[in-house]
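Colleague: Sequence:
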Amino acid sequence: MLFEDTYKTISARSEGIYKEKGSKFIAVAIPVLTENDVKDALAMLRKEYYDARHHCYAYILGFDKSAYRINDDGEPSGTAGRPIHGQLLSKDLTNTLVVVIRYFGGTKLGVSGLINAYKTATKEALEDAVILEKIVHDIYEISFDYLQMNDVMKLLKDENLHQFNQQFETTCRLQFSVRKNDSSRLYENMRKIENLKICFVRTE
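Residue 232 is where the sequence shown starts when you use the numbering used here, and the numbers rise one by one after that.
Hints may be right or wrong, so weigh each one.
[Claimed, not checked] Straight line, CA to CA, 27 Å or less: simulated DSSO-like cross-link-like pairs of lysine-lysine: (1) LYS250 with LYS354; (2) LYS252 with LYS270; (3) LYS270 with LYS365.
Worth flagging that the hints you see were computed from the coordinates, not collected in a lab.
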């Protein structure tokens, strides 16, 4: 069975809102790639909504959804971050942060009321988002003698691969990206070219 080499994320910031008993819950969904992106987005929203009582959030990162975090920011444990995270999972999203900003209206909502509020606000924001399906790529670097240029370029052209960081001198060097599911086959084909060195750089 082939590796699942696509993932879903959102294209741009989107928002949703939920109100109950005077409390207002503003959900903001933001595309992110790294934990630094998350920190920057949280800092921006805390500044934008400086007078709110809570900034609760959840995020999922990585094409394989390998990193995630939930934060209740002072709300009772499990009432905010977890329902936000649950909505990200139900939409099968990654590289996405949702922050729900709460303005307290004076009436307590109770555990079930809070869970419903954070879940509904998040759902509204994600339903307003444009969802993209992206392909996972492996990045490789190859180095080869100038005499091998034609063989290498023909293979890259036949496979329609994106090339970058090219250096063409006595020894040539370049990087290319290949769809994850084509990676092993292409790697074996590259190794058939004499004096070519290939090394894996990263997956993205």
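Colleague: Work down the list of hints and note, for each, if the structure agrees.
Modeller: For each hint, the structure was consulted:
1. LYS250 with LYS354: holds, 13 Å
2. LYS252 with LYS270: violated, 31 Å
3. LYS270 with LYS365: holds, 24 Å
When the structure is compared with the earlier hints, a violation turns up for hint 2 alone.
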